[in-house]
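Line by line, the protein sequences give chains A and B. Just so we're aligned: the first sequence equals residues 1 to 92 in the numbering used here. Just so we're aligned: the second sequence equals residues 1 to 92 in the numbering used here.
Hints are computed from structural coordinates only; laboratory data are not their basis. Hints are supplied without guarantee of correctness; some may be wrong.
Since copy identity is lost for identical chains, a pair holds within one copy or between any two.
Said to hold, decoys possible - In the EDC-like style, the derived pairs of lysine to aspartate or glutamate whose C-alpha atoms are separated by at most 16 Å in a straight line are:
id, residue 1, residue 2
1, K32, D8
2, K52, D40
3, K43, E81
4, K52, E20
5, K50, E24
6, K32, E69
7, K32, D11
8, K50, E76
9, K52, E80
10, K45, D8
11, K45, E13
12, K45, E80
13, K48, D11
14, K59, E80
Bear in mind that the values here come from a model prediction, so they are computed numbers and not experimental data.
Protein chains: 2
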Amino acid sequence: MYTLVIYDITDDEIRLKVAEACKEVGLARIQKSAFIGLIDSQKRKNLKIKLKRILGSSKGNIQFFTICEADIANREIIGEEIEYEEEGIVFI
Amino acid sequence: MYTLVIYDITDDEIRLKVAEACKEVGLARIQKSAFIGLIDSQKRKNLKIKLKRILGSSKGNIQFFTICEADIANREIIGEEIEYEEEGIVFI
């Protein structure tokens, strides 16, 4: 089962921390504010706890989706791959 | 089957057009650059054609996911609902 995480976070520092937590757990960045990957339910649970703590009472919205193999096969992409800055750089 | 559309688009005008096309087809905005909804495969196909035309050769990345009912039930949200500006306003 794939985990897709998408987020809208205004604060640069918090947004960077969220991205780092997603990377740490093994998710891959597919867009500026979207990560996906195959992680087990325990890792997904831990990630949710961590992201909840990172966001705290700040303004923002993070959404988790589980996507099965059959649905992942239907994923379609328009446009080019966007190259993202290295870790440590704030993503605008 | 749900359709989730997420996008990274730099150009304000193009990003607004993409959002409008998603709304027109019946998808609901769930984040600044994410729409979801129950639309049939023909509408999804038409939306893809339209978004491809809107993006053209501009820099950007649009991803389509299909998500089954079982997986939608697992969707989890952290943080508050973000209120988005009305149509016609450029989303930053």
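Hints versus structure:
1. K32 to D8: both (10 Å within a copy, 7 Å between copies)
2. K52 to D40: neither (18 Å within a copy, 34 Å between copies)
3. K43 to E81: Answer is neither: 27 Å inside a copy and 25 Å across each miss the 16 Å cutoff.
4. K52 to E20: Only inside one copy: K52 and E20 sit 14 Å apart there, 31 Å across copies, limit 16 Å.
5. K50 to E24: Within. Shortest intra-copy distance 11 Å satisfies the 16 Å Cα cut-off; inter-copy 36 Å does not.
6. K32 to E69: Neither. Shortest intra-copy (23 Å) and inter-copy (27 Å) distances fail the 16 Å Cα cut-off.
7. K32 to D11: both (14 Å within a copy, 14 Å between copies)
8. K50 to E76: Close across copies (14 Å), not inside one copy (30 Å); limit 16 Å.
9. K52 to E80: Classified as between: cross-chain Cα gap 11 Å, same-chain 31 Å, threshold 16 Å.
10. K45 to D8: This pair counts as neither: shortest intra-copy Cα distance 20 Å, inter-copy 27 Å.
11. K45 to E13: neither (23 Å within a copy, 38 Å between copies)
12. K45 to E80: neither (32 Å within a copy, 19 Å between copies)
13. K48 to D11: Neither way: K48 and D11 sit 19 Å apart in one copy and 32 Å across, limit 16 Å.
14. K59 to E80: between (30 Å within a copy, 7 Å between copies)
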